[in-house]
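So the chains spell out like this:
Number of protein chains: 2
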Amino acid sequence: MKLYGYFRSSAAYRVRIALNLKGLAYDQVAVNLVSGEQRGGDNLARNPQGLVPVLETDDGTRLTQSLAICEYLDERYPKPPLLPPDSEGRARVRALAQVVACEIHPLNNLKVLKYLTGELGTSEKTKLAWYRHWVSEGFDALETLLTDSTATGEFCHGDTPTLADVCLVPQVFNARRFECDMSAYPTIRRIAERCDILDAFKHAAPAAQPDAG
Amino acid sequence: MKLYGYFRSSAAYRVRIALNLKGLAYDQVAVNLVSGEQRGGDNLARNPQGLVPVLETDDGTRLTQSLAICEYLDERYPKPPLLPPDSEGRARVRALAQVVACEIHPLNNLKVLKYLTGELGTSEKTKLAWYRHWVSEGFDALETLLTDSTATGEFCHGDTPTLADVCLVPQVFNARRFECDMSAYPTIRRIAERCDILDAFKHAAPAAQPDAG
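So the protein lines, in turn, are chains A and B. For the first sequence, position 136 matches number 136 in full-length UniProt numbering, and the numbering has no gaps at all. For the second sequence, position 147 matches number 147 in full-length UniProt numbering, and the numbering has no gaps at all.
In short, the hints are calculated from the structure, not lab data. Quantities reported herein were computed from a predicted structural model and do not represent experimental measurements. Keep in mind that a hint or two might mislead.
As the list makes no split between identical chains, a pair holds if one copy fits it or if it spans any two.
Pairs of lysine-lysine, DSS-like flavour, derived with a Cα cap of 30 Å [stated by the list, open to error]:
(1) K79 x K127
(2) K2 x K111
(3) K202 x K22
(4) K125 x K114
(5) K2 x K22
(6) K22 x K125
(7) K114 x K2
(8) K22 x K114
(9) K127 x K111
(10) K111 x K79
(11) K79 x K114
(12) K111 x K202
(13) K79 x K125
(14) K127 x K2
(15) K125 x K111
(16) K114 x K127
(17) K2 x K125
Assemble the whole structure, with the sequences as input and the hints as a guide.
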């Protein structure tokens, strides 16, 4: 399999973790988001959205959208599972993943930050406040969801990593990069630290990628 | 089952469509997003995110995040399916749904528009340009994805409605409400019109809800 990504892309980071957790081998092709390669013809041919990641399977099928890719991997390579066996548990894990993927990350990715400082002409300080606002709103909710539930274990759901951890860890990485205050999130921090001692997460980290600047 | 929602909430609209497609009966409880009921104690107890929808199942389990709820419904009530049987098809449907749910909608929901005109002090005109920008970026990609694939049928994927249509129709409704130019999206328009003749979609429309103002 071939993963078109970028070392700092949060969505590509999720897919790298999922691939690693499944023990799947993959080649990486870097698409430089800062220089705008994602909007170049090659990448648009792979994904009309002009985004990464794109996972190309061995038969040449190109898959887009990180959560859809992770679900695909979980269906095709069921061991170890990224979702628990019961429907209520699966709904909980998917909801936790979507707090990150549908509430926090979409507001804070590169194209949005560029629109803020470009079209809207906001200052760097205002951009940073925007970034931190959506992280804190999402993490406030996540911390409560994790703390209030007996389903939370060493990881977001039980004692093995799931799709929720796959999404949480890249978001925590980004929050730290933008110097968000993490003091109110002891459970999130504990889980992220637990994940980060696993090779699957360690090897997926931005700094460990071939295109890391 | 009980659905906590709001007639104009795009995410609640998705869940109403899914419930209707499955032929499931549900009671609706309105949470007025304009007056701020979603941040009231009752709603926060149901969902620490302070969002709708929340689906309360008959055994009292509360489910959040519209896509997670739809997947739950599809697992528990498999007929008619919201996802195709093959993994590649499922990945395609989920990716189409996520173009809406992870790329367009998160940027254009009420809390974000309020942040723009509030904290950022943007004008109504700038807010509207923001709204239309993310709709057109997402719809440009969706139109290409739908037009380029032989998997597209009467609906986004084949000739029966899937999770992709469940997400597309509320987004088209919103785009029209904000007077986005839809002329470049003949395939999106054709599919949305095809959906809207089905009772499941008709009965889920904002104007058909008990709390419609």
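Comparing the hints with the structure gives:
1. K79 x K127: Neither. Shortest intra-copy (41 Å) and inter-copy (46 Å) distances fail the 30 Å Cα cut-off.
2. K2 x K111: For K2 and K111, the Cα distance is within 30 Å only inside one copy (24 Å; across copies 38 Å).
3. K202 x K22: within (14 Å within a copy, 42 Å between copies)
4. K125 x K114: both (13 Å within a copy, 19 Å between copies)
5. K2 x K22: Only inside one copy: K2 and K22 sit 15 Å apart there, 37 Å across copies, limit 30 Å.
6. K22 x K125: neither (40 Å within a copy, 48 Å between copies)
7. K114 x K2: For K114 and K2, only the intra-copy Cα distance (28 Å) is at most 30 Å; the inter-copy one is 41 Å.
8. K22 x K114: Intra 35 Å, inter 41 Å, cutoff 30 Å: neither.
9. K127 x K111: Answer is both; intra-copy 12 Å and inter-copy 17 Å each pass.
10. K111 x K79: neither (35 Å within a copy, 39 Å between copies)
11. K79 x K114: Answer is neither: 39 Å inside a copy and 44 Å across each miss the 30 Å cutoff.
12. K111 x K202: within (27 Å within a copy, 35 Å between copies)
13. K79 x K125: Intra 45 Å, inter 51 Å, cutoff 30 Å: neither.
14. K127 x K2: neither (34 Å within a copy, 39 Å between copies)
15. K125 x K111: both (17 Å within a copy, 20 Å between copies)
16. K114 x K127: both (9 Å within a copy, 16 Å between copies)
17. K2 x K125: Answer is neither; intra-copy 38 Å and inter-copy 43 Å both fail.
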